[in-house]
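Asker: Letter by letter, the chains look like this.
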Amino acid sequence: MPGFPFPGRPGGEHDEPLLDMIIARRALPPDAPQEMHDLARMLAALAGPAEPGELAREAAVRAAFRRAASPVGVSPAARRPMRHRRPRRSRASSRSRARLATALVATVAGLGSVLAAYTDLLPSPIQQVAHVAVAAPAPHRTGSPPSTTTSRARHLHATLQPTSRPGPRPSHSAGTAQRPGQTATPRPRLTPFSLPPGHGTCNPAPRHSPVPSPTASDRSWPAFTWSPEQSCPSVVTWPSG
Amino acid sequence: MIGAAFGVTLASAQGGDETAFACLFRDVQPTLLRYLHVITPEAEDVAGDTWLQVVKGLPRFRGGEEAFRAWLFTIARHRAVDAGRSRSRRPDVPLTLVQIAEQPLAPDAAELALEAISTRSVMVLIKSLPREHAEIIMLRVVAGLEAADVARIVGKTPGAVRVTAHRALRRLADLAERAGVTH
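Chains as they are written, first to last, in my numbering: chain S, 1 to 241; chain E, 1 to 183.
One chain only, chain E, in its complex shape (with noise of 0.2 Å):
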């Protein structure tokens, strides 16, 4: 997060300072592929386009660094929503390739053992969530979002929202210590 200094710096972007709106790409940006890694196996191209979109509205954009966040993501999320339309409208995907795609990610126990704690090791525990929960953990604890800004994304009440972030967190702690992931 920038914090104070948001303002300032996206003001600057907007009257077209390339290094401001590099400021706002790095701080953003890791979360947002972390995120869409999540959601999506086409998480580079999708983070991409989602910031060509924000490239031609952040002129028009008003708000603070949250808003700002929120924005950006939900530009992700329909991005990613458009690349799983479009990729389930090919029709040339070999059904092994299906097959193997859908195949939980979960890796094995004894190797999440193996390693550290680290974004990676922390992302495979992620993804073997049920997506639902996985999305909101990211939005919610890594995006830092309020709970009303990912309500609007996902499409649910702020209530429902603070309830699945908590079974997700529990759901999490508890695959963590089976996996040996915090020890």
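The shape of chain S in the complex, shown without the other chains (with noise of 0.2 Å):
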């Protein structure tokens, strides 16, 4: 064939300003070989107009055209009411806040670990770990924590009194030595700032231990004994020294 060159023929390089006009769909000069005709014309006819069968699915494009164009024609996910949609968020965004999350959860936890240490609420083992970690009271001797309520007061006890005043310290009813010839007889105890149910009136008479500084192992709180026969004023003071 010659005067057209093919893939692997002679002068292939040859032919592409016409082919460059076939592309751009200019017409060919006549002097061009024949088969750049043929080519031109089969390529015509591939973008010819339309088949039969080729414009089927017009109606149903023109319908979703008509749904997508129509002011109430929008996606079901569109039509639910605004309190079924759920808010999208990124990926990263979650993942900030569960960060966030964690790091809060974190910090209180820690705080309320020291808080607790600082307040003598954790185990003995505990208590220890963190008595030499950060300072916190030693834990008691006795084993088991005691009541919430006594250690906090107790607390606050040593908030308010200082540990190098020297002088007697109270000392707790229970588990610490009896005066000499002084009956142990049970008393209704109170808690300090509180009065007995029915009962307008108190005596704070707090017995003080002779002990001058308290170890670990009695630094309690100072008892208070209450006389029906007494009165206090309607404030209870904290008793000093």
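Don't take every hint at face value.
[What the hints assert, rightly or not] The following label-pair restraints were derived from C-beta to C-beta distances:
hint	chain 1	residue 1	chain 2	residue 2	range
1	E	63	S	109	49 to 59 Å
2	E	26	S	96	23 to 33 Å
3	S	112	E	57	46 to 56 Å
4	E	16	S	104	47 to 57 Å
Since the hints were derived computationally from the structure, they do not count as laboratory data.
The beta carbon of each residue, even a glycine, is placed where N, CA and C say it ideally should be.
Both chains come to you apart, so use the hints to assemble them.
Answerer: Structure, rendered in structure tokens:
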């Protein structure tokens, strides 16, 4: 086939201008090889008008267009009431929220642990660790942690009364040494700042312990005894010294 | 190609004019369908999905007729790739059918010689080309996209698209001559 180069044939690069004309859908010169004209005619047939069946989906596509163009013809998701829609959050936003929540929980847990350590609420082994690590109060030797009310009150007492102050300290009624000759009669105990139910007066008479400085075992809350015969001001004050 | 009236037609379609939209559809659909027949066996379904996406994005589209075609064919190619992935995930295709589908689509030369030059016969020839050649001919020559647009769609450089288009046209001419389609 003279004049029309095919792949592998000599002179294959000389047809490029004609191929560019075919691609651009320009008319070929009359003296172009017949094969080039045939190729142009083939491609023109390929870009020809619609054949039967090629527009079969027109009705469906037009219906989709009508739905989209109609004000109410929106997607089912858009027709749903707003309260049913879930806000779309990006993955990065969810991750940062999770990180923030984790940091918040860790901070609260850490602060809570330190607070519990300083109020002597932790079990003895953990309290001992806290004692060493963050200079929290040493744990009780009795083993079981004290009750919450007593421990908090003790902490409050320690806060109000400096430990460097010399002098007798009140001692807890239970577990402490009794004065010689004193009988151990059970008396109703009151916690500070409280009155017995049904009684308007009280007599805060703390029993002071002769022990000058508390040890880890007898850091105790001053006991208040109450006798109905005595009266006191309506405001309960903390015993000094 | 719609030509000078494309801007008005597009604006009317974007304003909700169904007739204008139908004009756009009829102008592009045949070429789109022929292109899809070359790159996917599910051309009809992919074309439908493509138009649905065009309908959704039409109000936001900005550009001329060439840009519109480039946008539409880009969507079509993505949908065809998605369809191919979906098809490849189906585990229940019998092996015999796969083997049949993978056989070359080129018809016997004697059969082609009996046919006149028609869209269908040229499509058969195009399908017998390597997939890359066939796709570039369809996009560059039949759809009339610029080399830069075709390069973006198929992931090549414009220079590579030009070289491949020339090579594909030479091969197509060779096939047509051997098949006697052009006589």
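Asker: So which of those numbered hints doesn't the model satisfy?
Answerer: Number 2 only.
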